[in-house]
Amino acid sequence: MARLDQGPPHYEQMLPPIIKENYGKWRYHEIPRPGVLKHVSETGAELYSIRVGSPRLVSIEFVRDLCDLADKFCDGHLRFTARHNVEFLLGDASKVEPLIAALTEKGLPVGGTGASISNVVHTQGWVHCHTPATDASGVVKSVMDDLHDYFEEMKLPAKLKIGLACCLNMCGAAHCSDIAIVGVHRTPPRINDEKIQKGTEIPSLVASCPTGAIRPNPKAKSVIVNEDKCMYCGNCYTMSPGMEIMDPKNDGCAILVGGKTSNARTAPSFSRMVIPFLPNNPPRWPEVTEAIRNIIDVWAANARQGERVGEWIERIGWERFFTLTGIPFSDKLIDDYIFSRETFRTSAAFKF
Amino acid sequence: MARLDQGPPHYEQMLPPIIKENYGKWRYHEIPRPGVLKHVSETGAELYSIRVGSPRLVSIEFVRDLCDLADKFCDGHLRFTARHNVEFLLGDASKVEPLIAALTEKGLPVGGTGASISNVVHTQGWVHCHTPATDASGVVKSVMDDLHDYFEEMKLPAKLKIGLACCLNMCGAAHCSDIAIVGVHRTPPRINDEKIQKGTEIPSLVASCPTGAIRPNPKAKSVIVNEDKCMYCGNCYTMSPGMEIMDPKNDGCAILVGGKTSNARTAPSFSRMVIPFLPNNPPRWPEVTEAIRNIIDVWAANARQGERVGEWIERIGWERFFTLTGIPFSDKLIDDYIFSRETFRTSAAFKF
Amino acid sequence: MTEKRTPKLDELQKGKWPSFVTEMKRAAVKSPAAAELVQLLEKSYEERKGHWKHGGIVGVKGYGGGVIGRYTDVPEEFPNLAEFHTMRLNQPAGWFYNTKSLRDLCDIWEKHGSGLTNFHGSTGDIIMLGMTTEHIQPAFDEFSEAGFDLGGSGSDLRTPSCCVGPARCEHACYDTLEACHDITNEFQDELHRPMWPYKFKIKFSGCANDCTASIARSDCSVIGTWRDTLRIDQNEVKAYVEAGLDIQAAVCDKCPTRALKFDYKNNELNVIPEDCSRCMHCINVMPKAIQPGKEKGATILLGGKSTIVQSAFMAWVIVPFMKMEGDYEEFKDLMRRIWEWWDENGKTRERIGETIYRLGMGKFLREVGLPPVPQMVFRPRANPYVFWPQDEIEK
Amino acid sequence: MTEKRTPKLDELQKGKWPSFVTEMKRAAVKSPAAAELVQLLEKSYEERKGHWKHGGIVGVKGYGGGVIGRYTDVPEEFPNLAEFHTMRLNQPAGWFYNTKSLRDLCDIWEKHGSGLTNFHGSTGDIIMLGMTTEHIQPAFDEFSEAGFDLGGSGSDLRTPSCCVGPARCEHACYDTLEACHDITNEFQDELHRPMWPYKFKIKFSGCANDCTASIARSDCSVIGTWRDTLRIDQNEVKAYVEAGLDIQAAVCDKCPTRALKFDYKNNELNVIPEDCSRCMHCINVMPKAIQPGKEKGATILLGGKSTIVQSAFMAWVIVPFMKMEGDYEEFKDLMRRIWEWWDENGKTRERIGETIYRLGMGKFLREVGLPPVPQMVFRPRANPYVFWPQDEIEK
Ligand code: SRM
Ligand code: SRM
Ligand code: SRM
Ligand code: SRM
Ligand code: SF4
Ligand code: SF4
Ligand code: SF4
Ligand code: SF4
Ligand code: SF4
Ligand code: SF4
Ligand code: SF4
Ligand code: SF4
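Chains as they are written, first to last, in this note's numbering: chain A, 377 to 728; chain B, 377 to 728; chain C, 97 to 491; chain D, 97 to 491.
Don't take every hint at face value.
Here are the simulated EDC-like cross-link-like pairs (lysine to aspartate or glutamate), alpha carbons at most 16 angstroms apart as the crow flies [as the list claims (entries may be wrong)]:
| # | chain 1 | residue 1 | chain 2 | residue 2 |
| --- | --- | --- | --- | --- |
| 1 | C | LYS384 | B | GLU406 |
| 2 | B | LYS708 | D | GLU463 |
| 3 | A | LYS605 | C | ASP487 |
| 4 | C | LYS196 | B | ASP447 |
Which bits of chain A does chain B cover? Going by a derived footprint, with three or more residues having C-beta under 8 angstroms, they are [what the hints assert, rightly or not]:
| # | region |
| --- | --- |
| 5 | 631 to 644 |
| 6 | 715 to 722 |
Simulated from the structure, these hints should not be mistaken for laboratory data. We put the CB at the ideal spot given by N, CA and C, even for glycine.
Full structure from sequences and hints, please.
Structure below.
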C-alpha cells in the first residue's frame, strides 16, 4: 500500500560521494571543453560534469542506457538539469574522455555549456496534449538538428536559451527565453453546442474569455462568440471541449526573442514577438528552423562578446534588429493588449 | 462686428526687426550670465534675450509696465516663453545691463536659463477653478520665494522644471516634470441628490468613474458611491456639481519627481510619486516648500553635472533616493492602477 | 463693499518672487470684481477650499467654445463675482508681441473685464480672467477688431502652440511658427466649434529638446528632426577642446546610442550615422560644432495627455519623418483622417490616445492608412495575442 | 493492429540531435500503446492537428492531483490510447539520482505504463506518460514503495524545484536542495489536495543567475543573495589580469550599477558596497576572485506566471532579504499568510500575481503584514491615484 504524503526521496541518497563530501564547499569552476564543467572544491577535490543533450521524451530503455553509463563511469550517479539535459558526475578526470567516447558512440551530443545553445525547454504538443497549436518534440528536433554545432561548440556571443510552448498556456514558459517558439491559433473557436451542454458551466466559460468575446446563448444552452473580439487565446477551449479551436490550416508558430531570466547585468526581460506566424510544416518545420537560424546568425555576427540576444537588441534598438535580420515588421507586432502603453515609442529619438 | 475665424494675429507683425532679418539663420547661442541668452546669427548679428520671472497671474498694469520697458529698451517688442517667463529681445548689447537694472528696480527677477530653476508651470487653484484640491499661485509663490537663488543663479546640476496642478485634471501637465506638485483629494465625494437631479445625466456620471465606484440610485434619481472603490480622482465632480469632493481637512498636495519631456540623452519620462500627501497650509505651505527644498538640495549635492533629477535617480536607484532624502517610503507609493505591473521590481538586483 | 483686511494674502506680498497678490490688488484698484476676488481668495485661504461653481454655458455668437463660464458659490457675499467668466484668446505663434497689440489687449480688458489675466494659460492662450456674461460679446468684438480671435475650449481643437523655433533658435528643424500659424488657421472651424469626443491639442517643437513639452502635453506632438546625418565642424570641435570641454565625458559617454567617437589624437569627433537617434544631446553641448543634418522635417507623435482617467499617456511615434513645408497638406490630411477615425470610434470624453489604447494600434493604423514601422514602438509586444484580420487567413 | 508506415516521423529519426521518434519506437517494441502513439502522431503530422481530448478526472486514493487524465478522440482507431493518462512524480531535489532508483522507476513503468517518460516535465516532475485508468492505483502503490510520491496538478501547490546549488555550485547563497526538500515535505497537503483558486509554483535558485528561471516560471521565486558586501581576493584579481582578462571592459563596464573600480596601477579591484545590486555579473566572470558576501539569505519574489490570461508576469520582490536556514519557519509562515489571503481574495483560475494586480499591492501588503519598501518597485507610481485607508484621514 502506498504511503500518503511521504514526499520525494531525500536528495542525499542520490548524491555521489564526491558531492556529499564537498557539499557547499565549491570554490570555482572552469569549462575545460564544451560540455564539461570542472568544479574545484576548497578541499582540492575536482568534480567533472559531462552535460549531454536529451530528447526529453524518452523511453525507459534510454533511461536504462543512461544508468548503464553511470554505473560504468560514475559509480551509479547522475543528474538532470533545469533544461532537461543529463549530467554525468565524475570525480576522476581520467574517465572524462572515455565517457565522452561512449556517449558519442551512442549518438548522444555533449555540449550545452557556456556560450552555447542548451537544450530547448518544451512541452507535449501532439504527442499528449489536447490544446496544442503545433507539435513540440518535432519542432525541437528539427531546430536542434539545425543548431547542433552551436550545442557542441561554444562559439556564440553568450548563452542561448530557446523555449517552445505548443499553445498560449505556455507550459514551456517560453515568455522569458532568448528565442521562443509559441504555438498559436488564428481563428475563433467553433462552437459545438452539444459538447457545451455536456458539463460546461456557462458562467465560468463566459468569464474565461479575457476580451469578453463570449456571451451566453440561453436558447441553445450554449454560448456565442463575437469573432471580432476573439484573439484565439484558447482559454475557452481549456475550459470547455465545445469551443473547438484547433484549425490545421491556420495553426502555426510565432517567434519571440530577447527574453532572459538571469539578473546578471540586466534585469530579467520578456521575449518579444518578431514573427507573428509561421506555418506548421511537419515533419521538419523548415520555415521555423530557417527563421531561428537567421536570427542566431545575425546575432552571432553582430553582438559583442557576452551579450545575450535581448541585450544586443536593446543596445542596437529593435528598429535596427528588423533591418539587420530582414524580418518584416507589421502591425501584428505592435502590442494592443493591457500593457501596450509601455511599448509605444514615447520619444522622438529612434533610428531610421 | 467681430470677424469670425480670423485666427490669431500673424506672428510676423510681432517680431522685432533683428529677428525678421535673422529668422532661421541662428548659428549658436551662449549664456553670458544667468537670465541672458546671446544668440549669434550667420549674418553676425547678435541677439540678447533677457528672461524675467513672472507671477503669470498679473494685472493689466503689469503688462503695461512690461510694454513700457519694451518700448524703452527693445523697440517695442517682447515675448513670453513656454513656461510663462517674459523675454525682452535686444539687438544692442549695451542695453542689456541698463535693462536688467530697470527690471531689478521693479522687483522682477532675471534668470531661469541654463542650469537653473525656471518658472513653475501652474494653474488656477482657488483663484478661479471649481475643482481644486489646493491653491496654485500661492503655492508657487511660496516655493519660488524659497528657491529664488536657484532662479537667479545657474548652480544646479541641470535644468529644473517644476509643475503644479491643483487637481488631478492636471492642467499644469505636471506629469512629466522634474518636480510636480499635485493637488489631491483624499475622501470620496459626498452626494448631493438635489444637485444631481438638476441636469446631471446619470449614465454619463456612472461611466465617468474609472474604478466603477458609482452606481445609479433610481429611487433618489441620483447615484451611490462605493467608497471602498473610490480613489478620489474627482472625475465625477467634473461631470456633476452634485458629487462634492472638496474637503478642507483632507485635501492637500502630493509630490512627484523625476519626469522630463526632452529627448536629450534619455527618453521622456513620467514624474513619480514620492510623497503622497502634504497638508494645505496657507498662506505659505511650509511643508511643501520644505519637501521640495530637501529634494533639490539632495539632488544638487549628489548628482553629476548635467543630470536631470530623474536621470540622477534612475542612475542611483529609487531605493537610494529614499535613503538619501530621508523621505519615508509607503505602500501608497506603489502603483495599483492599470499600468502597475511595469513598476514592480521583477528582478533580484537592487540596493539595500 | 467695505475694504476688508487680508492678513493671509498679505503674507504672499513678501518674498523675492513677484507677487500675484500684489497684482490682484493692482487690478482691484480699478475693478470691483478684482477687489472682491482678493476677498474671496482670502476666504479660501482661511477655509482651505475653493468657492467656484461649475460653469454654465456662455459664449459668443457663431462659436461653441473659447469662453469658460464661472460663478462663485457665494454670490450674496461677492455679487461682483456672481459671473466671472474666462475668455481664451489665441496667442500669436511663439508668444511674440509688439507693445501696441499688448496695450490694445489691456485697454479692452480694462473696459470689459477684471483687469486680471494670465500670460499665458497653460495650453498657450492669453487668459482673460473674469468678466460678466453681458460683456462677453462686446469684449470679443473689440478683441476681434484688434486682430485677436478666441482660443479653444470644450471638445474641440485646442489652441496650438509652438516653440520659439527659427525666430531665435539654431536648432529648429522646421519653421514652427509658420506651421503653427498656418495649421491653426486651417482648422479654425475645428477650433471654434466643438464636435469631437473630447479635446485635441497640437504642439510644435522645432527639435527633440521639445521646448513645448509637446510629448507630454499634446495629443499630437510635432517634433523637428532630420533624416540624414548630423553635421560636425571639426575646427569648432578643436575650439571646444581648447576651451577645455571634456568631449569624451560630456558628450560621447552621454550619447544614448554611443554613436560618437572622439579621436584624442587628432581632436576629431565622428558620428556613426546609422546609430544616431537624433536625441540632440551632443548638439546641445556643442552647438557651434554640431548641427542637425540637411534633410529636415518632423516626427509626428500621437496620444499625449495627462492623468485623467486611464493614467497619463505620452505621445508616441506614428510618422517617423514628414516634411513640414509648403502648405503642410500632408500633415493636415493626416489630422483629418485621424479626427474622422476618432469621431467614428471614440467614446465621449475619451482622448485619442485612450481610444487607440482601447481599440489597438493595429486597427488604428490600418483604418487611418499609416504603414506600421518599428519606430512606432520601443519594443514589440511581449504577448502572443495577435488579432488576425480574418481575411488574411485561410478559411 | 498491423504495423503501418510512418514516413513523416521517420524523417525525424535523421539528423544529429537524439530523436524522440526513435525513443517512441523503442518503447513501442514492448508497449502496444506506445506503438499506437507512433501511429497517432504520424496521423497528426499528416493532418496538422492533435488527437487528444479533455481529461476526465482520474487519480489515486487520498489525493486530489498528480494524475492528468488523457483520452484520444479516435479511440476506435487507437483502442490502446482510449485512456492514456499522465502521472507526475515528484523528483528528488536538484534532479539527482542514483541508478538504483532510476531503474526501479523504469521497471515499474514497464509494468504499468507505456514505457514513455519525460525526464523531466517542465515544472520539474518526472512525467510518466501514458497509462490506463486501472493501472493508476497499482502503479502509484509501487512508485510509493520505491520511495517516490506524486507531484502537483490542478489548483494546488505544484512540485517545487531548485537549482543544483551547494551540491555543485560555488555561488549558492543558501542550501537550495535542503530548502526545496524541507518545504516540499512541509506542504504535502497543499501539494496533493487542490484547494486554492489556481496553481501555485515555488522555485529555489541559489543566486541571482536564477538557474531555475524562477522569476519567470514560478509564483514564488526564492533567489539567493547576501546582505553585506561581496568579497574580492586581490591575488586572484592579479592572476586574472595576468591570464589576460580585460577587467575594465569585461567586468567594470558591464556592472549595471558601476559599483566596481579597477585600479590599473596596482591591478586592484574594489567595490562600492552600497552601490552593488548583487546582480552576479562580476562573480560570474571572475569566480576565483570574487565571491558573495558572508551574510547570506534569499530575496523572495511573488507573482510570476506565463501568458494566460492577463499577460505574463514576472515575479517581483516582496521580501528583499530573508534568512533561509533552520526549519525555514519564516518562509513557511509567509507562504501560509499569502495563501490564506489569496484564498479569501482570489477568483477561480486567478494566479496570485493576478489577484494582487487586480486588488493592489497596498492591500496585499497590509493584509499579509509585509512592510512596504522601495526594493519592491523599480520605481514608484506615476499616477496620483492613491487609495487612502479612510482611518488614516481626518473625518
Ligand atoms: C545545471 C544548471 C543548474 C541546474 O540545477 O540544472 C546550471 C548550471 C550553471 N549555471 Fe546556470 N544552470 C542552469 C540553468 C540556467 C538557467 C535556467 C534556464 O536555462 O532555463 C539560467 C537563466 C537563463 C536566462 O537568463 O534566461 C541560467 C543562468 C546562468 C547564468 C547567467 C547567464 C547570463 O549571463 O545571463 C550564469 C552565469 C554565467 O554563465 O556566466 C550561470 C552559471 C551557471 C554555472 C556556471 C554555475 C556554476 O558555477 O556551477 C553552471 C554551469 C553553467 C554552464 O552551463 O555553462 N547560469 N542557468 C542549469 C543547466 C541547464 C542546461 O542544461 O543548460
Ligand atoms: C507536462 C507539462 C508540459 C511538459 O511537457 O513538461 C504541462 C502540461 C500541461 N499543462 Fe502546463 N504543463 C507543464 C508546465 C507548465 C509551465 C512551466 C513551468 O511550470 O515552469 C507553465 C507556465 C508557467 C506558469 O505556471 O504560468 C504551464 C502553464 C499551464 C497553463 C497556464 C497557466 C496560467 O496561469 O497561465 C495551463 C492551463 C491550465 O492550468 O488550465 C496548463 C495546463 C496544462 C495541461 C494540464 C493541459 C490542460 O489544460 O489540461 C497539460 C497537460 C499535458 C498532457 O496531457 O500531457 N499549463 N504549465 C508541464 C508539467 C510537467 C511537470 O509537472 O513537471
Ligand atoms: C524659451 C524656450 C522656448 C519657448 O518657445 O519659449 C526655450 C528655449 C531654449 N531651450 Fe528649451 N526652452 C523652453 C522650454 C523648454 C522645455 C519645456 C518646459 O520647460 O516646459 C523643455 C523640456 C523640459 C523637459 O525636458 O522636461 C526644454 C528643454 C530644453 C533642452 C533639453 C534639456 C535637457 O537636457 O533635458 C535644451 C538643451 C539644453 O539646454 O542643453 C533646451 C535648450 C534651449 C535653448 C538653449 C535653445 C536655443 O538654442 O535657443 C533655449 C534657451 C534655454 C535656456 O533657457 O537655457 N531646451 N526647454 C522655453 C523657455 C521656458 C522657460 O521660460 O524656462
Ligand atoms: C486655464 C487652464 C489652467 C491655467 O491656469 O492655465 C485650464 C483650466 C481648466 N481646465 Fe485644463 N486648463 C488648462 C490647461 C490644461 C492642460 C495643460 C496643457 O494644455 O498643456 C491640461 C493637461 C494636458 C491634457 O490636455 O491632458 C489640462 C487638462 C484638463 C482636464 C483633463 C483632461 C484629460 O483628458 O485628462 C480637464 C477636465 C475636463 O476637460 O473636463 C480640464 C478642465 C479645465 C477647466 C475647464 C475645469 C473644468 O472642468 O471646467 C479649468 C477652467 C479653470 C478656470 O475656470 O479658469 N483641464 N488643462 C489651462 C488652459 C489655458 C489655455 O487655454 O491656455
Ligand atoms: S503548452 Fe498548451 S498544448 Fe502544450 S502542453 Fe501546455 S497546455 Fe498542452
Ligand atoms: S479563444 Fe480566447 S479570446 Fe477567443 S473566445 Fe476563446 S477565450 Fe475568448
Ligand atoms: S488642475 Fe484642476 S483645479 Fe486646477 S485649473 Fe485645472 S481643472 Fe481646475
Ligand atoms: S472621485 Fe473618482 S473614483 Fe471616486 S467616485 Fe468619483 S469618479 Fe469614481
Ligand atoms: S524645441 Fe528645439 S528648436 Fe524649439 S526652441 Fe527648443 S531647442 Fe530650439
Ligand atoms: S544626437 Fe544624440 S544620439 Fe545622435 S550622436 Fe548626438 S548624442 Fe548621440
Ligand atoms: S542559481 Fe546560482 S547557485 Fe544556483 S546553480 Fe545557478 S549559479 Fe549556482
Ligand atoms: S554583483 Fe553586479 S552590481 Fe555587484 S559589483 Fe558585481 S557586477 Fe556590479
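Q) Which of the listed hints are broken here? A) none
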